[in-house]
Amino acid sequence: MMDGRPDSHPLLRTTVFFGLCCLAFLLFGGQLAQLQAARASQRFEALTTRVIQHLQSRMEIYEYGLHGARGTFIVTDIDGMTRTRFQAYIASRDTEREFPGAHGFGFIRKVSSGQEAAFIAAEKARGRDDFQIKQLAPHNGDKLVIQYIEPEAVNTQAIGLDIASERRRREAAQRAIGEGVATLTRPITLVQAQGKVRQGFLFLLPVYREYGGVAPTPESRRQAAAGLVYTPLVIDEVLADFDFRGGEFSLALADVDGDALLERFYASPGADGAEVSSLVERIRLPMFGRVWLVEVKARPLFISNLNQTDPWRIVGGMLVIAALLSVLLYVSQVTKLRRRQFRLEQARLAAIVANSSDAIVSTTLDGTVTSWNKAAELTFGYPAEQACGQRLVDLVVPEALRDQEASLLTRIIQGETIPHFNTQRCRRGGEPIDASVTISPIYDASRRVVGKAETIRDISQQQAAEARIRDLNNTLEMQVIQRTAELEAARRDLQTLLDAVP
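Numbers 1 to 502, taken from the working numbering, label the letters of the sequence shown in order.
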């Protein structure tokens, strides 16, 4: 502003610009965060779907194995099945490759109450001298005794076990027989894997004596049941080669009972860690007569593999750019304003100089005239077009005063301002004039003296008036002296007359 106060408009415009940028970038960041979250959620949902499918596929392969084992009992008379034949069938399968995690396949025979002794005797007659029925808890009623299990060497503890003597095993077996479907137990501790507490399962498939069609009612199925084929599973071994995509997610499995109580039986690394970006899915998955709660939780690697840049980091960078642009805008606005003010000031000064009654002349350090106002034209008789480019001393300085001009220039170069002093200058044609001169240095942007400005006032009339006043003063003084002398003479004459009167 022209009064020197800072103009508020550049700051206001810059503040508005930066505020709009902040608002736009924050909205952009919010939308980008939502978009990235939606994409991450979609990717995670797809990942969860694959996990569920993989888990189901893994459990289904054991069902296929059970159907294969049951087929041997269908094509062979159940009572005619021997340990040797069952071993031969299992040996024909590459169980470690086909059924990873399974501890083998076996047959559980239904032994009616009261027939236990006959069954034990028959087994001993087949060469198992140490065969006995073992129970986990006292139990009356029909027995479900593990008769065969291959490979037997790693499952010796299971031979002769009455699975009906333990509630979880018994309930699953009864359901499998009654419904005629493959059925999983609730989590149990296998007798051949005591260290894996409640991490094991029996996967059971009923075997009936008549297959003209499975009996249509649960009771008729129970009457027709000869036993079950089964495979013991340990969940850690079942999922040992599960594809966790290098650690992108964690997996936790829990069994859900009828009261919706959860019993966790599996947790992969990171399953108990904090949720990442709230990406967690909990799905109730029917699993062969049981309901498993499958919890899939994203881990940091999943987020990293999305290759998503943090939107707020982007917004932060954009805000920094906006701040820099705002600073540049402010500087640009202030610069334009100052340039406009400078031009206005220059125009004002130029108008003052042009309309000044004093001659104002600027020169370079070597005395070359660079500006010559209207008053200088009138005072010295040179038009500006002619004066500019000429040396000032050649135009207006009398020959006798040129040495004085050189000494004044030396003082100007040193940055000294010469206050007004009276001297003489000459008009075009050589006519001398009395002048009052003030000389000031001209600086560039680096505060270096690059020239001088002279203000020259024609004081010839003033000097003449002062001379006339001095002459008048001198004349008045002579008249006063003369009148005083005349009065003194008159006084003496009057005194003489008075003295002559008697």
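Hints listed in this document are in silico derivations from the structure and should not be mistaken for laboratory results.
Think of the CB as a built atom: it goes at the ideal place given N, C-alpha and C, for glycine as much as any other residue.
Keep in mind that a hint or two might mislead.
Label-pair restraints from in silico Cβ distances [stated by the list, open to error]:
{"#": "1", "residue 1": "R340", "residue 2": "S278", "range": "49 to 57 Å"}
{"#": "2", "residue 1": "L285", "residue 2": "L325", "range": "26 to 34 Å"}
{"#": "3", "residue 1": "Q56", "residue 2": "L324", "range": "50 to 58 Å"}
Each hint tested on the structure:
At about 56 Å, the beta-carbon gap between R340 and S278 stays in the expected band of 49 to 57 Å. For L285 and L325, the hinted distance range of 26 to 34 Å is not satisfied, since their beta carbons lie about 54 Å from each other. For Q56 and L324, the Cβ-Cβ distance of about 56 Å falls inside the hinted range of 50 to 58 Å, so the restraint holds.
When each numbered hint is compared with the structure, a violation occurs for hint 2 only.
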